[in-house]
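Chains A and B supply the protein sequences, listed in that same order. Going by my numbering, 250 is the number at position 250 of the first sequence; the sequence numbering is gapless. Each position in the second sequence, counted from 1, maps to that position plus 1000 in my numbering.
In case anyone wonders, no lab produced these hints; they're calculated from the structure. Predicted, not measured: the structure shown is a model, and the values here were computed from it. Each residue gets a CB set at the ideal place from its N, CA and C atoms; glycine is no exception. Please note that the accuracy of each hint is not assured.
Said to hold, decoys possible - If you anchor each label on the Cβ, the simulated ranges turn out as follows:
no.	chain 1	residue 1	chain 2	residue 2	range
1	B	Gln1183	A	Val79	56 to 64 Å
2	B	Ala1046	A	Leu221	21 to 29 Å
3	A	Gln101	B	Lys1123	37 to 45 Å
In case you want the letters, here they are:
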Amino acid sequence: MKNLTDITDKVKKNLIWKSIFRRDYRNTVRDRAMAVFGNVFLHLHPVQVRESAVKLRFTWGMGGITFFAFIILVITGVVLMFYYHPSVDQAYTDIKDLEFQVPYGVILRNLHRWGAHFMVIVVMIHMFRVFMTGSYKAPRQFNWGIGVFLLVLTFLLSFTGYLTPWDQLGFWAITVGTNMGAATPLLGYQGPFSELLHITPYNDVRFALLGGAQVAGNALLRSYIWHCVAIPLVATILMLVHFWRVRKDGGISKPQK
Amino acid sequence: MQDDRELLTEQENIDQGTSEGGQAESGDRRKFLTRVGWGSLAGFLAINSLAFLRFFYPRVLFEAPSQFKVGFPADYPPGAVNSQYQREFGTWIIRLQDGSFFAMESKCTHLGCTPSWMESQKKFKCPCHGSGYYISGLNFEGPAPRPMDRFKISIAEDGQLLVDKTIKYPGVPGKESNEVYPQSLLKV
Ligand code: HEM
Ligand code: FES
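The following block holds chain A by itself, in its conformation from the complex (with noise of 0.2 Å):
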């Protein structure tokens, strides 16, 4: 016991340990709160809840399965970028050497690729939820539209990664997708007005999308950094700021009695 005491006092009665958590640590109510308001991840959560905020039936914890999701995906996708070319001579046979050499490849990729599925299917079951329970009303509304915003990035990350092995599935949904922008009024050289407003294949939205007028080795480059850098980095910050309004619209909401 009294060895014990020494070694702690030797880890943290030093300059390093102090310059890193700057207080003492006591399991009181005010440094409990402290912790959470000196961290800076964990200050924007609110640092007390209320008990009905934790009850798994109101909220069915949906949002925060979607982050864990996203974490999980973050991790396992740059584990994943160690292997991967994006480039169309390599990315196919990359994916293969993943999952027949690489070692533990196949979890890997399994992780992510299932992963991806789970964070699309919860995202959704937690948006139900928040409609649901009438989460959107004020003072939420805003909250609910930066949700929207993250609705849309989690599709467009799940489809822009689906390009990336660049099998028969993934070039055919980007070829019918960029189709679909193709065929989109005032955007697309085939939707309505594109010959009066001199709209080609060389100048549309699909030509902006993957870089060239076919799908090709650009296409698979273009969807690959969306994937892997863009669509994250905002996908990051607008979560960043949506947990930060639940804390600032006054916690969860509470189920009415």
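Add chain B with the ligands to chain A, keeping to what the hints say.
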């Protein structure tokens, strides 16, 4: 002591500024400059976002050229579909029984998959949702809404067949393209 003096002089400078220009005018000037400042920033950002948008439209494409030669007419037997240029150029070179040529885009008019020519059944079949087309490109089964599109085909100076994908003859629903676009047929 020294510091106080400097502060005082600074304050005096400000006072002089206001007494010279008058309170109202300096307020206007400040407002004006603020507007110019924020205005230029907004303009700068607006132009930058336009540039960012333009950035997504590449100038040079490393794709197959839109005009290409496909060999001499004598290389093609009548009544056959040539799929040799499908992969690179997305185009079939078709020679009808009467010896005339046309070039057709290898693209289903439903959602853009690539159909295949089925020699035994004499039809184009789309693997995605099952659309079927006759050799002329006219659709007869599946969800395709119209015949497949044709490109202009002509004879180049050296006698080879020349396909020009920039000139397109889009299929018209329910119509036979041979009749709607006689100019899409090349008689040799
Ligand atoms: C990336 C996707 C999303 C994540 C990670 C996320 C996360 C969260 C979390 C952790 C909460 C706390 C309450 C709970 O767990 O249910 C929450 C609440 C909320 N979310 Fe989301 N969410 C996402 C998408 C959405 C969508 C699509 C909507 C609706 C359009 C939405 C609207 C809301 C609203 C209005 C609240 C406050 C609910 C209340 O006060 O009861 N969120 N979100
Ligand atoms: S894309 Fe050819 S049938 Fe749907």
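Taking the hints in turn, this is what the structure says about them:
no.: 1; hint: B:Gln1183 with A:Val79: 56 to 64 Å; result: holds (57 Å)
no.: 2; hint: B:Ala1046 with A:Leu221: 21 to 29 Å; result: holds (28 Å)
no.: 3; hint: A:Gln101 with B:Lys1123: 37 to 45 Å; result: holds (42 Å)
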